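Since chain X is already given, all that's left is putting chain G on it; use the hints.
Protein chains in written order, with this note's numbering: chain X, 84 to 372; chain G, -15 to 329.
It is worth saying that the hints were derived from the structure and are not from the lab.
Computed from a prediction, not measured in an experiment: that's the story for all the values here.
Accuracy of the hints is not assured; some may be wrong.
[As the list claims (entries may be wrong)] In silico contact screen, one side only, chain X against chain G (beta carbon under 7 Å); selected entries: (1) Val104; (2) Arg192; (3) Ala310.
[Stated by the list, open to error] Derived CB-CB ranges, DEER-like: (4) Gln160(X) x Pro54(G): 37 to 47 Å; (5) Gly72(G) x Val352(X): 48 to 58 Å; (6) Arg238(G) x Ser226(X): 54 to 64 Å.
Heads up, the beta-carbon is just placed ideally off N, CA and C, and yes, glycines get one too.
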Amino acid sequence: MTRSQPLALLVLIYGFAVLWVLVAAFPFVWTMWGSLKIETDFFGHWIKNLTGEDTLRQFGSYFTTLGYEAAFSAKKQFGQAVGNTMIVTVCTVAISLTFGTLGGYALARSTAKYAFVLLIIALVFRAMPHITLVSGYMEPLFSWGIWGQTWVAVIVLVAINQPFTIWMMRSFFMNVPRELDESAMIDGCNRLQGFWHVIMPVMWPGVITTGLFSFLLAYNDFTVTSALLSQQNTTMVPRIAGFLGSAQNDGDQMAAVAAVVTATAPLFVLIMIFQRQLVSGLTAGAVKG
Amino acid sequence: MPHRAFFAFLMPSLLAMVLFILLPLISVGYQSLFSPPRDIEVLSEICSTNFLTGVRSCEQTVTIEKVEGPKIFRGLDFFCGRSVLACGELATGWSENKGGTGEYWSKVVLNLPLYKAMAFTMFYTLITTPFIIVLGLVVALVVDNLWRPLRGPTIFASLLPFIVTPLVGSLVLFWMTDNTGGLLYALTNTLAFWVDDFSLRASPQATWSVIAVYGIWHVTPFAFVVFYAGLQTVSQDQLEAAMIDGAPRFDRLRYVILPHLMPLITFVLLIHIMDAFRVLEPIFGFQAAANAQSVSYLIYEHLVLQADKRYGSAAATSVLTIVMVFILLLPVLIRTWRDFRVAAR
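Pulled out of the complex, with its shape left as it was, chain X reads as follows:
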């Protein structure tokens, strides 16, 4: 809508936009800025977080990387958690997409009744709070002695991801005309060849969008990773939660602040690069159910 608006309405619109942007983004900027201060500045009066007066007095500079050093120290081992997160998310996304692409294609191309029944069941699975599933895993995993291992958490995250992934991939495959499959098969491809050489090349945007959401689910997960991973294999989010309990004891809250900023940074970059895909993905779910 690019019609001219009365001035009062324009002022209202831009005023609200500025306010909203501040509400949404400012807390993150504030914490990033504060992560480069010492504790008495960040957790002191807010003016001190702006000016960094204690940091200046102690270090002769407005900024210090003390919090980050504490987080990545041998004692806190946040670096290890960063590595674990990379392993868990990369594996989860790769396996989720492979399974989900194949499954989504099958569901998009089948008109059989059982295909719809499966989709409905997947919808029910998708709605279940993750913790209810975790309470199904815990006892068996303990009794089989495989609790705490990275691959277990990866498989569980992949499975939890599947209902969402197949629904989303299906809606992308629905936009690829069936004639494309048929022409490939007439040209002598079998179904798998046709899928790989003809359908997939036009599907990459859908794969990237779905992959982004698989990534976010694995990266942001707290429930599964904190319940199923041992201390040594744990990822960033549960590790941050662990810092909270210990922070008061050793007076080292800045390590938690630095860890929070470290965990946010990749998401900033992600949104910056893939903003369009994220928006289209969020809406795909809305339109298609």
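Below, chain G without anything else, positioned relative to chain X:
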């Protein structure tokens, strides 16, 4: 698509879902009814005779003996346990209650963990939902009317609260609100000047409100994005027709735009209500466990936080949660099924 090809393509995904969603759901049901035999306390008496005095003395010790064996059917024991439906507590509370029904609710029912968590979930849903829908709509309309080059950066900022890890998001807000020098603390105390020293851990009400504010902040971007996409598909013809008819701005919004967005509003509403059962991270982020516990938090507590894991209670609570979510989901399932039938024809 032939049946064989269909199942060949779907097999990996299907297997993953059967093994790691369906079986766990069955496992939850089983665990809510069966549990391993309880360890028994064995009372043993060790007696000795003092050889100098000739007095015989005995000492009783209690040892805990692990009992091996098949799981035992517990009936509704776990469902009726204090931390779940608390049948016994409800009954005795009712018979001992001298005040009215109101007192029974406030003194007995709402002091029991699951009912308290349900109350929190309902409070959270009722408070946040209208804000999320209205704010999401307003932000969508505002962004839609911004100068085009400014829209991208605005959407970027808007996505942050929704995309960023919930634990991180809640911590970022918590640190600004909790300490007495914090910026949001100062702000709320200036705005709410009539409250002397507003602290979010002072009372359950304060804690509940802060988590609700977090919820609004976290979910509004999602509503905004969905509504914003919906606005792009509003029929321009209809809008122009309304303008030619001289419909004022507000009427155009009410009679053209809102009806068009209605299905999306229902969608956001539904997702949000189901997500209310998932609220977990903010309870840790805001260190709110003393005052606010969600349904998910209760299960998490039984499973992870307790040294002596209470699988039975966790499973029973999970079963109840699954049933509630399923009931909420039922209208959508029926509608989706109908859409399929129409599309298949």
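Which of the numbered hints are not met once you compare them with the structure shown? none
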